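Chains as they are written, first to last, in the numbering used here: chain A, 3 to 782; chain B, 13 to 427.
Derived from the structure by calculation, the hints contain no laboratory data. Predicted model only: the values in this text are computed from it and were never measured. Check each hint, because a few of them may be wrong.
Unchecked claim - In the DSS-like style, the derived pairs of lysine-lysine whose C-alpha atoms are separated by at most 25 angstroms in a straight line are:
#, chain 1, residue 1, chain 2, residue 2
1, B, K177, A, K174
2, B, K399, A, K498
3, A, K344, A, K134
4, B, K23, A, K594
5, A, K196, A, K95
6, A, K498, B, K255
7, A, K686, A, K728
8, A, K235, B, K185
9, B, K169, B, K269
10, B, K185, A, K498
11, A, K174, A, K196
12, A, K594, B, K18
13, B, K47, A, K498
14, B, K169, A, K196
15, A, K572, B, K23
16, B, K255, A, K500
17, B, K344, B, K384
18, B, K399, B, K358
19, B, K228, B, K283
20, A, K240, A, K500
21, B, K269, B, K47
22, B, K215, B, K228
23, B, K416, B, K341
24, B, K54, A, K498
25, A, K174, B, K185
26, B, K185, A, K231
27, A, K196, B, K398
28, B, K348, B, K358
29, B, K169, B, K283
30, A, K594, B, K16
31, A, K625, A, K573
32, A, K500, A, K535
33, A, K624, A, K572
34, A, K728, B, K18
35, B, K399, A, K500
36, B, K177, A, K196
37, B, K416, B, K398
38, B, K269, A, K500
39, B, K384, B, K399
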Amino acid sequence: MIYTANIHSYNREKRVIIMMRKQTMSEILSQLQQEARFSANIVRWETIPAREARTVSFPDTLDSRIRETLEKRGITSLYTHQATAYEAVRSGKHIVAVTPTASGKSMCYHLPILQTLTEDPQARALYLFPTKALAQDQKSELLELIGEMGLPIKSETYDGDTPANIRQMVRKAGNIVITNPDMLHSAILPHHTKWVSFFEHLKFIVIDELHTYRGVFGSHVANVIRRLKRICKFYGSKPQFICTSATIANPRELAEHLTEEPMQLVDNNGAPTGVKHFIFYNPPVVNPQLNIRRSATLEARDITERFLLNGIQTILFARSRVRVEILLTYLQELIKRKLGPKTIQGYRGGYLPSQRRAIEKGLRDGEIIGVVSTNALELGVDIGQLQVCVITGYPGSVASTWQQAGRAGRRQGESAVILVGSSSPLDQYVIQHPEYFLERSPETARINPDNLIILVDHLKCAAYELPFSEGETFGNAEIVEILEFLTEEQILHFSKNKWFWMNDSFPAHNISLRSASQENVVIVDITERGEEKVIGEMDRFSSLTLLHEEAIYLHQGRQYQVEKLDYEEKKAFVREVQVDYYTDANLAVSLKVLEQDERRMSQETEFGYGEVSVHAMATIFKKIKFETHENIGSGPIHLPEEELHTNAAWISFPEALMASLGKEQLERGLAGLSHVLRHVAPLKVMCDPQDLHVVPQRKAIHTGQPSIFFYDRYPGGIGLSEQVYKEMEMILSQAEHLIASCSCHSGCPSCVGAAEDDGGEKEMALTLLRVAQGGNMHVS
Amino acid sequence: MSLKNKLQRFKEQGHLSQESTKKIVPSPQILHEDKWKQLQAKPYTVDGEHIVLRELCFPLHTRHGHYRFEQLFEVMEAWAEAGMTHPLSTADRMPRDLLFFDTETTGLHGGTGNTIFLLGYSRFMDDHVVVRQHFLPAPEVELVLYQSFLDYIHDAKDLVTYNGKAFDWPQVKTRHTLLRDSIAALPVFGHVDLLHGARRLWKHELPSCRLSIVEKEKLGIHRESDVPGAMAPMLYFEYMQQKDPQIMEGILEHNEKDVLSLITLYIHMSKLVLSREQQMSSIDERFEIARWHEALGADAHALDHYRVIVRSGDRRKVHAMAAMGHIYKKQKCWEKAVAAWEYAMKESAHVPEEIYVETAKIYEHQYKDYEKALHYTQRAMEVWRKKSTLLRYPAKSEWNAYQKRIDRLQKRLNK
Chain A
3 MIYTANIHSY NREKRVIIMM RKQTMSEILS QLQQEARFSA NIVRWETIPA
53 REARTVSFPD TLDSRIRETL EKRGITSLYT HQATAYEAVR SGKHIVAVTP
103 TASGKSMCYH LPILQTLTED PQARALYLFP TKALAQDQKS ELLELIGEMG
153 LPIKSETYDG DTPANIRQMV RKAGNIVITN PDMLHSAILP HHTKWVSFFE
203 HLKFIVIDEL HTYRGVFGSH VANVIRRLKR ICKFYGSKPQ FICTSATIAN
253 PRELAEHLTE EPMQLVDNNG APTGVKHFIF YNPPVVNPQL NIRRSATLEA
303 RDITERFLLN GIQTILFARS RVRVEILLTY LQELIKRKLG PKTIQGYRGG
353 YLPSQRRAIE KGLRDGEIIG VVSTNALELG VDIGQLQVCV ITGYPGSVAS
403 TWQQAGRAGR RQGESAVILV GSSSPLDQYV IQHPEYFLER SPETARINPD
453 NLIILVDHLK CAAYELPFSE GETFGNAEIV EILEFLTEEQ ILHFSKNKWF
503 WMNDSFPAHN ISLRSASQEN VVIVDITERG EEKVIGEMDR FSSLTLLHEE
553 AIYLHQGRQY QVEKLDYEEK KAFVREVQVD YYTDANLAVS LKVLEQDERR
603 MSQETEFGYG EVSVHAMATI FKKIKFETHE NIGSGPIHLP EEELHTNAAW
653 ISFPEALMAS LGKEQLERGL AGLSHVLRHV APLKVMCDPQ DLHVVPQRKA
703 IHTGQPSIFF YDRYPGGIGL SEQVYKEMEM ILSQAEHLIA SCSCHSGCPS
753 CVGAAEDDGG EKEMALTLLR VAQGGNMHVS
Chain B
13 MSLKNKLQRF KEQGHLSQES TKKIVPSPQI LHEDKWKQLQ AKPYTVDGEH
63 IVLRELCFPL HTRHGHYRFE QLFEVMEAWA EAGMTHPLST ADRMPRDLLF
113 FDTETTGLHG GTGNTIFLLG YSRFMDDHVV VRQHFLPAPE VELVLYQSFL
163 DYIHDAKDLV TYNGKAFDWP QVKTRHTLLR DSIAALPVFG HVDLLHGARR
213 LWKHELPSCR LSIVEKEKLG IHRESDVPGA MAPMLYFEYM QQKDPQIMEG
263 ILEHNEKDVL SLITLYIHMS KLVLSREQQM SSIDERFEIA RWHEALGADA
313 HALDHYRVIV RSGDRRKVHA MAAMGHIYKK QKCWEKAVAA WEYAMKESAH
363 VPEEIYVETA KIYEHQYKDY EKALHYTQRA MEVWRKKSTL LRYPAKSEWN
413 AYQKRIDRLQ KRLNK
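Could you put together the complete structure from these sequences and hints?
In structure tokens, the structure reads:
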């Protein structure tokens, strides 16, 4: 395609690119390989070869209408994993299928279910997707399939957007009901008597994107499933579970934990893949003394821009919402003149559903060529073919990196993934040891359905749905003591061997599956008088550091300043502004041990695990200039303290360290080591670094010893710190390896954090690590 | 730390979702037959399990508000004679077929866990009206509650309720579903929900259509020291702990008044709809009744009521004429429609612009009188313009529609 022959000088790095025509992707890739400025920073260029398909012929039992429809679509056989899933489900087993993005995973459940429906038109199936967007997406696919087959199967989504007249039809006659766990929790289960024939004939429960049900959300959903199974039992059905998951280390364990049923694992992937280039890119060092590299954000922006200008659909991932908005602002500015601002869009959690759907559609239609996203798009929303995926900073886990990488070339053909390392310790470790990433098995996903707070919440809902009888179980949970507590609280009433709901509330309305705090802060745009509107929402804890007064809140590339945060009413009032900085806030945390459950010694150092209470308070914020990232001002934050009662693991160093190292050195060492552990520990337990906090204390309140705490950022804990306690030795040795292999002199942002005029952080941190691993405290 | 201590701590920190509760000291005693007797109630026992049944009888000539109960007979006869299809009609029913029905529950939201603890109704017997209330003294005897209810009401035909279509009856079905394996099916009832009609008649007039307000403003019923229905859950929870029947007295009386008021309300609303007498209803009510008939497609009845308004000379006669015009137009009585509308235009300067547009359409398409059509279109546009200046953003599309019509008519005139 001929581009108008205007010569556009493009000047940031004094380079001039003459754009005569749009380049193809292979041309850009080979250019990047040859261009010295770029190729010097490539740590590894891994080409993952194409893979041939492995197929089996259609099973004999398959209904001819299904077979013919597939044949009309040019499908004459099944991939091996699809065939295995089909046979396993037909023989009555619960299964979990694990294959990569774009491998035809949904056929693993569509096929056996549609087959059953040809035999038994009364049968029902429940499809659960983690988001409404995914449910919509699957509905269109399914309706198309059913339409072509000419089967009298009714399939419909049931969510907040379903019109009232359709709802009744879905309840009474829907064969396949597509919904999300939140809807199941608050609208279906509490009204199960309106779904009698659905529950009586329920044969299958599909849980797609199983890997997203981890941590707090997963623990909630496990309890929703306990409630679902209880209702099914009441109506006399015993449905089979069909789960599908992206690659994680323990799909079978997670599925069994979530459903409390034995699972067969299906992982013999037979789908073909195209050639994929996986490029590890480390930005150049700009300050050799301090080992500071050029910002990953800026590098990622430049790389992405190249592809976008050539009309190649590219997705750019950033770790935080703020990063997404910053990158969006940069790129829209650059691209505006050539492609129009709407061709590049942001996509993240805080947007309203209608906005998100418009973006998803734009991507599919090709009206949008670039997307800047947080991990919201990790989920399998079908956005069509993207050729390039640029990841700003290591996403924190092997599993989510592959998920994000799967966004490029999911429908075969050549594609490229470029991982741009940031200065964080973890990024530098991964980017300098690509084999660590490429050879490592992905992480383990954990849930804790018996977290007391979550369990109590769902026991209330369950009691509302049906009275509990004495001796009745609720999954594998211990419930008698909780039922007695709720009876004492006069929420339940015990009479004739049964616990009855005896309260005027509707418990599911008070319980959200998605967020630790019960209520989110609503963000209100007050720029135009009389035209105030809600533009987004945020959980309460995040609002402490992102929506304090004077904070710059970014939304769809626009900047807003927070004028007032009404913490009581959960409202933040923002006004649109144009400034050249963003804000970053500090959170002060104090912590005390309430009860110690576990302990073990490593020479003089003790590892502990138990219950703690954490007090967190936002203290000050800084204004940071775009481009240069310099600090141009700061101010205090006046918000109440948040209290959290949770679980923690900790390292207690011998008190003697204080005397031998000195107060200041010790403090620096603890801070430096915490900086590393903050990045290493989440790796071991597969969680977002936001979910597991690391706090150093020179003198812990319960022992007076120098300590480092790891705590779960959810009331009652969700099992993360327990895992840290179990794997403490492994975590410490990995931290030591990371610090030792960093090329800096005495500490840098990539290991123990920015060193202040050679404060000895690096050396101190290594000393502490040796002590913690039972070694000698003396500095060599 | 023990589990209960932990729960206590979480509760103090506000991590547990909150239900409001009022602490009450429980009492072990279960049945107080003597105290129930004072409330005119007694146990009703099935297979050794009992619920409480309260029964009260009222002579037919008892007055409740503006009417005596026996006036139900007149209105039911009137319905039979009227021979019209109307949601309030009980034309082919006998008085004892009707169940004036209301429940009291442990919560205000619909949902499986919301328990009905009182099923109350009034019903006409041969020589009296009976109020019967089935009360649930403990949650485990719910089966007996519904068995006793079915025993008494299986031969009724219609429910008469206030918001029973959206709330009470679905809730009965919900709780019945939980017992469905042990109990007979619920009868299929006809259902007259008086709330729908009350909203039609008094939505603009009354601050709210709550039954207590309708009673006071329309039925001449004044409750003294009534326990509000919203208190029902709290009082019932208190009863659950203490088992003292006295606690329920206020709610039983409240429900009793409710089911009796339903009779009065049914008589009153039927009379409003059926009567052509001037003094029976206010002009506003009559206007709403006419619109109700119109919505039901009963044009003749609607016209009757509109005519009464026109004859009254009230200011609403303009609206009545305009409405009559619409009915005539629907019946393709062009002349009558135009007459009605031109009358309305003459009487009032504030006729909505659509009346001008409709009149213009008839002149254009039926009479081919383009001059008159143009005249009325221009007047419509004037009215619209005046109105639009009050709006910030007049709709461009509406303006275009007027302009298009005017252009077309002018073209036809110039031919």
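Structure-based check of each hint:
Between K177(B) and K174(A), the direct Cα distance comes to roughly 19 angstroms. Compliance with the 25 angstroms bound is thereby established for this hinted pair. Annotation: proposed proximity of K399(B) to K498(A) is violated, straight-line Cα distance about 69 angstroms (limit 25 angstroms). Using a Cα cut-off of 25 angstroms, the hinted pair K344(A) and K134(A) holds, with the two alpha carbons roughly 24 angstroms apart. In summary, the hint linking K23(B) to K594(A) is supported, as the alpha carbons are separated by about 19 angstroms, within the 25 angstroms threshold.
In summary, the hint linking K196(A) to K95(A) is not supported, as the alpha carbons are separated by about 29 angstroms, beyond the 25 angstroms threshold. A distance of roughly 15 angstroms separates the Cα atoms of K498(A) and K255(B); the hinted pair therefore holds under the 25 angstroms criterion. Restraint check: the Cα-Cα separation between K686(A) and K728(A) comes to about 11 angstroms, which is no more than 25 angstroms; the hinted pair holds. Of the pairs offered as hints, the one joining K235(A) and K185(B) holds, with about 20 angstroms between alpha carbons and a cut-off of 25 angstroms not exceeded.
At most 25 angstroms may separate the alpha-carbon atoms for a hinted pair to count; K169(B) and K269(B) meet this at roughly 22 angstroms. Simply put, K185(B) and K498(A) have alpha-carbon atoms about 24 angstroms apart, close enough for the 25 angstroms limit, and the pair holds. Taking the CA atoms of K174(A) and K196(A), the gap is near 8 angstroms; set against the 25 angstroms cutoff, the hint holds. Of the pairs offered as hints, the one joining K594(A) and K18(B) holds, with about 16 angstroms between alpha carbons and a cut-off of 25 angstroms not exceeded.
The straight-line distance between the Cα atoms of K47(B) and K498(A) is roughly 23 angstroms, inside the 25 angstroms bound, and the hint therefore holds. Distance check on the hinted pair: K169(B) and K196(A) sit about 24 angstroms apart at the alpha-carbon level, within 25 angstroms; holds. As the CA atoms of K572(A) and K23(B) are separated by approximately 20 angstroms, the hinted pair is consistent with the 25 angstroms bound. In summary, the hint linking K255(B) to K500(A) is supported, as the alpha carbons are separated by about 18 angstroms, within the 25 angstroms threshold.
Pair hint K344(B) plus K384(B) holds up; C-alpha atoms about 19 angstroms apart against a cutoff of 25 angstroms. Among the hinted pairs, K399(B) with K358(B) is consistent with the structure: their alpha-carbon atoms are about 20 angstroms apart, no more than 25 angstroms. Proposed proximity of K228(B) and K283(B) is supported: the alpha carbons are some 18 angstroms apart, at most 25 angstroms. Note on K240(A) and K500(A): the hinted pairing holds, with a Cα-Cα distance of about 24 angstroms set against a maximum of 25 angstroms.
Distance check on the hinted pair: K269(B) and K47(B) sit about 21 angstroms apart at the alpha-carbon level, within 25 angstroms; holds. About 15 angstroms separates the Cα atoms of K215(B) and K228(B), which keeps this hinted pair within 25 angstroms; it holds. With a C-alpha separation of about 23 angstroms, the suggested pairing of K416(B) with K341(B) holds against the 25 angstroms cut-off. Of the supplied pair hints, the one linking K54(B) and K498(A) holds, its CA atoms being roughly 22 angstroms apart against a limit of 25 angstroms.
The hinted pair formed by K174(A) and K185(B) meets the criterion: a straight-line CA distance of about 15 angstroms does not exceed 25 angstroms. Note on K185(B) and K231(A): the hinted pairing holds, with a Cα-Cα distance of about 23 angstroms set against a maximum of 25 angstroms. About 51 angstroms separates the Cα atoms of K196(A) and K398(B), which puts this hinted pair outside 25 angstroms; it is violated. Annotation: proposed proximity of K348(B) to K358(B) holds, straight-line Cα distance about 15 angstroms (limit 25 angstroms).
The suggested pairing of K169(B) with K283(B) holds, with an alpha-carbon distance near 22 angstroms, which does not exceed 25 angstroms. The suggested pairing of K594(A) with K16(B) holds, with an alpha-carbon distance near 21 angstroms, which does not exceed 25 angstroms. Distance restraint check for K625(A) and K573(A): the Cα-Cα separation of roughly 23 angstroms lies within the 25 angstroms cut-off, and the hinted pair is therefore satisfied. Taking the CA atoms of K500(A) and K535(A), the gap is near 48 angstroms; set against the 25 angstroms cutoff, the hint is violated.
For the suggested pair K624(A) and K572(A), the alpha carbons sit about 23 angstroms apart, so the restraint of at most 25 angstroms is met. Distance check on the hinted pair: K728(A) and K18(B) sit about 24 angstroms apart at the alpha-carbon level, within 25 angstroms; holds. Only pairs whose Cα atoms come within 25 angstroms are accepted, and K399(B) paired with K500(A) is rejected, the gap being roughly 65 angstroms. Restraint check for K177(B) and K196(A): satisfied, since their Cα atoms lie roughly 15 angstroms apart, inside the 25 angstroms limit.
Between the alpha carbons of K416(B) and K398(B) the distance comes to roughly 19 angstroms, so the proposed pair stays at or under 25 angstroms and holds. Of the pairs offered as hints, the one joining K269(B) and K500(A) is violated, with about 34 angstroms between alpha carbons and a cut-off of 25 angstroms exceeded. The hinted pair formed by K384(B) and K399(B) meets the criterion: a straight-line CA distance of about 23 angstroms does not exceed 25 angstroms.
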